[in-house]
Amino acid sequence: GAVVSQHPSRVICKSGTSVKIECRSLDFQATTMFWYRQFPKQSLMLMATSNEGSKATYEQGVEKDKFLINHASLTLSTLTVTSAHPEDSSFYICSASYGLNEQFFGPGTRLTVL
Amino acid sequence: QKEVEQNSGPLSVPEGAIASLNCTYSDRGSQSFFWYRQYSGKSPELIMSIYSNGDKEDGRFTAQLNKASQYVSLLIRDSQPSDSATYLCAVKWNTGNQFYFGTGTSLTVIP
Chain S
6 GAVVSQHPSR VICKSGTSVK IECRSLDFQA TTMFWYRQFP KQSLMLMATS
56 NEGSKATYEQ GVEKDKFLIN HASLTLSTLT VTSAHPEDSS FYICSASYGL
106 NEQFFGPGTR LTVL
Chain V
966 QKEVEQNSGP LSVPEGAIAS LNCTYSDRGS QSFFWYRQYS GKSPELIMSI
1016 YSNGDKEDGR FTAQLNKASQ YVSLLIRDSQ PSDSATYLCA VKWNTGNQFY
1066 FGTGTSLTVI P
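Chains S and V, in that order, give the protein sequences. 119 is the number that my numbering gives the last residue of the first sequence; the numbers go up by one with no jumps. 1076 is the number that my numbering gives the last residue of the second sequence; the numbers go up by one with no jumps.
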């Protein structure tokens, strides 16, 4: 149980384009989903917290107009990186939670912006 | 500022030995603590969660929590080469439901 999927697993795009990443909880309803970013050899950095049906809460320093988060249902959240640039290249990981405690991680999406 | 700190390592232990990983946190009111394992290029997977002082054992893994001293540790007994990974400590603060992660400790188990 508690399986989270992400799509795509890997994406390469040109600078200036937008990329959408999907995060789905497959066997449970996720009251909260989280989006993280991880640069090589660094830890996870929380970008935003998303509750179904409400606006995401962004961490300090994360541009909400650049990283658009939609949590339209209890099983789906999307992250759109708008006007991506090479410095946005990173490993983006979502996680989902259905209670107060554990978070379950998706497999991650590796974004490369050329 | 809320912080979670880990020794980045690398930590090397021989196969069969006990690996000890430590984590300290800054918020005395923190309530939930987690250890995740992350293989290179993969996302984290949950190993253990612990919520109250003392030890919690699950197979070869033991989590230890001391809220008065604000640290949580993970012991891996009979370490195996497949345990080689980065171990992330995560703390959930009393307010909100976000997790905050340490920078991780890289563990290498030498055959």
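None of these hints come from the bench; they were simulated from the model. There may be inaccurate statements among the hints.
Said to hold, decoys possible - So, partial list: chain S residues that the calculated Cβ filter (under 7 Å) puts toward chain V:
{"#": "1", "residue": "37"}
{"#": "2", "residue": "54"}
{"#": "3", "residue": "56"}
{"#": "4", "residue": "73"}
{"#": "5", "residue": "80"}
{"#": "6", "residue": "106"}
{"#": "7", "residue": "107"}
{"#": "8", "residue": "110"}
{"#": "9", "residue": "112"}
{"#": "10", "residue": "113"}
{"#": "11", "residue": "118"}
{"#": "12", "residue": "119"}
Stated by the list, open to error - The list that follows gives simulated cross-link-like pairs (lysine-lysine, DSS-like), each with its CA atoms no further than 30 Å apart:
{"#": "13", "chain 1": "S", "residue 1": "19", "chain 2": "V", "residue 2": "1007"}
{"#": "14", "chain 1": "V", "residue 1": "1032", "chain 2": "S", "residue 2": "46"}
{"#": "15", "chain 1": "S", "residue 1": "46", "chain 2": "V", "residue 2": "1007"}
{"#": "16", "chain 1": "S", "residue 1": "25", "chain 2": "V", "residue 2": "1032"}
Claimed, not checked - Computed list of chain V residues with no C-beta within reach of chain S, every gap over 12 Å:
{"#": "17", "residue": "969"}
{"#": "18", "residue": "992"}
{"#": "19", "residue": "1010"}
{"#": "20", "residue": "1025"}
{"#": "21", "residue": "1027"}
{"#": "22", "residue": "1034"}
{"#": "23", "residue": "1040"}
Where a beta carbon is used, it is the ideal one built from N, C-alpha and C, also for glycine.
A quick look at each hint next to the structure:
Taking 7 Å as the C-beta contact cut-off toward chain V, the hint placing residue 37/S at the interface holds, the least distance being around 6 Å. Taking 7 Å as the C-beta contact cut-off toward chain V, the hint placing residue 54/S at the interface holds, the least distance being around 6 Å. For residue 56/S, the suggested interface contact is broken, since its CB lies about 9 Å from the closest CB of chain V, more than 7 Å. Checking residue 73/S against chain V by beta carbon gives a least distance of about 19 Å; that is not within 7 Å, so the hint is violated.
Interface restraint check for residue 80/S: the shortest CB-CB distance to chain V comes to about 18 Å, outside 7 Å, so the restraint is violated. Interface restraint check: residue 106/S against chain V, minimum CB-CB distance 6 Å, threshold 7 Å, status holds. Interface hint status for residue 107/S: upheld, as the beta-carbon distance to the closest one in chain V is roughly 6 Å, under 7 Å. Because the beta carbon of residue 110/S sits about 4 Å from the nearest beta carbon in chain V, less than 7 Å, this interface hint is met.
Of the supplied interface hints, the one on residue 112/S holds, with its beta-carbon coming within about 5 Å of a beta-carbon of chain V, less than 7 Å. For residue 113/S, the interface hint holds, the least distance from its beta-carbon to any beta-carbon of chain V being 4 Å, beneath 7 Å. A cut of 7 Å between beta carbons decides the hint on residue 118/S: the least distance to chain V is about 18 Å, and the hint is violated. The interface hint given for residue 119/S is broken, as the beta carbon of that residue sits about 20 Å from the closest beta carbon of chain V, more than 7 Å.
For a cut-off of 30 Å, the pair hint linking residue 19/S to residue 1007/V stands: about 24 Å separates their Cα positions. The suggested pairing of residue 1032/V with residue 46/S holds, with an alpha-carbon distance near 29 Å, which does not exceed 30 Å. A C-alpha spacing of about 12 Å is found between residue 46/S and residue 1007/V, which places the hinted pair at or below 30 Å, so the restraint holds. For the hint pairing residue 25/S with residue 1032/V, the CA-to-CA distance comes to about 41 Å; that exceeds 30 Å, so the pair is violated.
Residue 969/V, annotated as away from the interface, has a beta carbon of chain S within 12 Å; the closest lies near 9 Å. Residue 992/V, annotated as away from the interface, keeps every beta carbon of chain S farther than 12 Å; the closest lies near 15 Å. Distance to chain S contradicts residue 1010/V as a non-interface residue, since its nearest Cβ pair spans about 7 Å, not more than 12 Å. The non-interface label for residue 1025/V is consistent with chain S: the shortest C-beta to C-beta separation is roughly 20 Å, beyond 12 Å.
The claim that residue 1027/V is not at the interface with chain S holds, since no C-beta of that chain comes within 12 Å of its own (minimum 18 Å). With a closest Cβ-Cβ approach of about 22 Å to chain S, residue 1034/V is found to remain outside the 12 Å limit, as its non-interface label requires. Listed as outside the interface, residue 1040/V is consistent with that label: its C-beta sits roughly 20 Å from the nearest C-beta of chain S, beyond the 12 Å cut-off.
In summary, the structure is inconsistent with hints 3, 4, 5, 11, 12, 16, 17, 19 from the numbered list given earlier, while agreeing with the others.
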